[in-house]
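> From first to last, the protein sequence lines stand for chains R and P. Under my numbering, the first residue of the first sequence carries the number 1, and numbering increases by one thereafter. Under my numbering, the first residue of the second sequence carries the number 325, and numbering increases by one thereafter.
Honestly, the hints are just simulated from the structure, not real lab data. As the structure is a computational prediction, the values presented were derived from the model and not from experiment. Honestly, I wouldn't trust all of these hints.
Just so you have them, the derived chain R footprint on chain P, three or more residues with Cβ under 8 Å [unchecked claim]: (1) 341–355; (2) 382–396; (3) 417–429.
Glycine residues also receive a C-beta, built at the ideal position from the N, C-alpha and C atoms.
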Amino acid sequence: MEILIDTILLVLLMITGFSIVRMRSLLAATMLTSIYSLLSASLFVVLDAVDVALTEAAIGAGISTILLLATIALTTDREKPPQRTPMLPLIVVIITGMALIYGTLDMPHFGNPQAPVHLHVAPAYLHDTPGEIGIPNVVTSVLASYRGYDTLGELAVIFTAGAGVLTLLGYRTRGGNSMDPGIRKLLILRVIGKLFFPLILLFALYVQFHGDYGPGGGFQAGVIFATGFILYALAFGLGNAQRLIPHQLLRIMVAFGMLLYIGVGIESMLLGGKFLEYNVLADDPVSGQHLGIILIELGVGITVASVMLMIYYVFRSRQPEGDL
Amino acid sequence: MSGLLGLYNYWIVIILMMTGFYAVIARPNLIKQIIGLFIFQTSVFILFISMANIEGGTAPIIKEGIRLYSNPLPHVLILTAIVVSLATTALGLALVVRIKEAYGTINEDNIHVQDEED
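Kindly produce the complete structure, drawing on both the sequences and the hints.
What follows is the structure in structure tokens.
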């Protein structure tokens, strides 16, 4: 059954992908990209990657669609037909594809438990997590503890990208907190927005703090948190959203999450361990791990949520007044 | 799964990858190129997650009575990669907005023409 769903989802992905490339309207292509993400999120669920599916659904289908729409609003939504004949790119693509398919021929088959990727490291993580870390979700234990350095690096990339967007576009302060008359007409959006805003935030908190036990964690929670505020900004105007979370506060929070993560690392060094060795944080190693993971996941969540929301604010603040 | 069907996932992933690649190299519109890059990225995610899958396995959340779990390591890599992909996409889109303001167009061909005129 799983194979059947997998096959159908992949075919749908392929159809969506082809349609995106063919579309001349960028608005339509953006909406299809959102569907493409949602399909791949469903595929991740079928392939047992629940944490990944949660992230992909929140990011691909949620925030990246909004950012693409914001960019289209600032630029144009029509794509001019290309002047060149697309023969050369087509040939390059077909040759590359053929070479890659040739490369897959000696790959271990899909779902094979004896594939090399399953024989090294992963069994150790699965075997040691209950004893060493004491949390059921192995993805969280690898992400936050065994590979805490990697995650710190990823967080630094997100931090840098946020800083880059801020440097490129700059934040423009704007007067007036009044709601735009265009939004005022969208009664359904406002009612639904009001209803869902607290629920989304509550769900984000659940995903944040339940990440040790079920699918979830700082990355997903941060994105869901930002989505809640973006929905608020869409329904009630940017000015009102900024009264709730001012832009200056976001800048501080972006750095604070990062510092919290590094701070946990330094604290464990001060207590006599290595950088990010949570075992020393509490009396016994397992509670130390618990504490460390909760703290660094919180740092991740704060930085991710603030960067996402900041990027959204920056894009929206570029839009001419009254266009919001 | 046995036979050539066992590579089905990888082949579709390669087709998706090439679809994105084609959009990046054949389309002059910058937003379309970023969408192409997005398709490419997502197909790489699917490739990794497909490799992590074990037939008859379940999601890597430890529970009594379950013996076979999917490989958690690719999940971790891809989870963070997705968030990073959004951050880089946002940076790309910010560049597109700046290019639009500087050149008045987001069509690569027109940008080249303007560059040559200068």
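> Confirm or reject each hint.
Quick rundown of the hints versus the structure:
no. : hint    : in the structure
1   : 341–355 : holds (count 13)
2   : 382–396 : holds (count 11)
3   : 417–429 : holds (count 7)
This entry satisfies every hint, going by the numbered hints stated previously.
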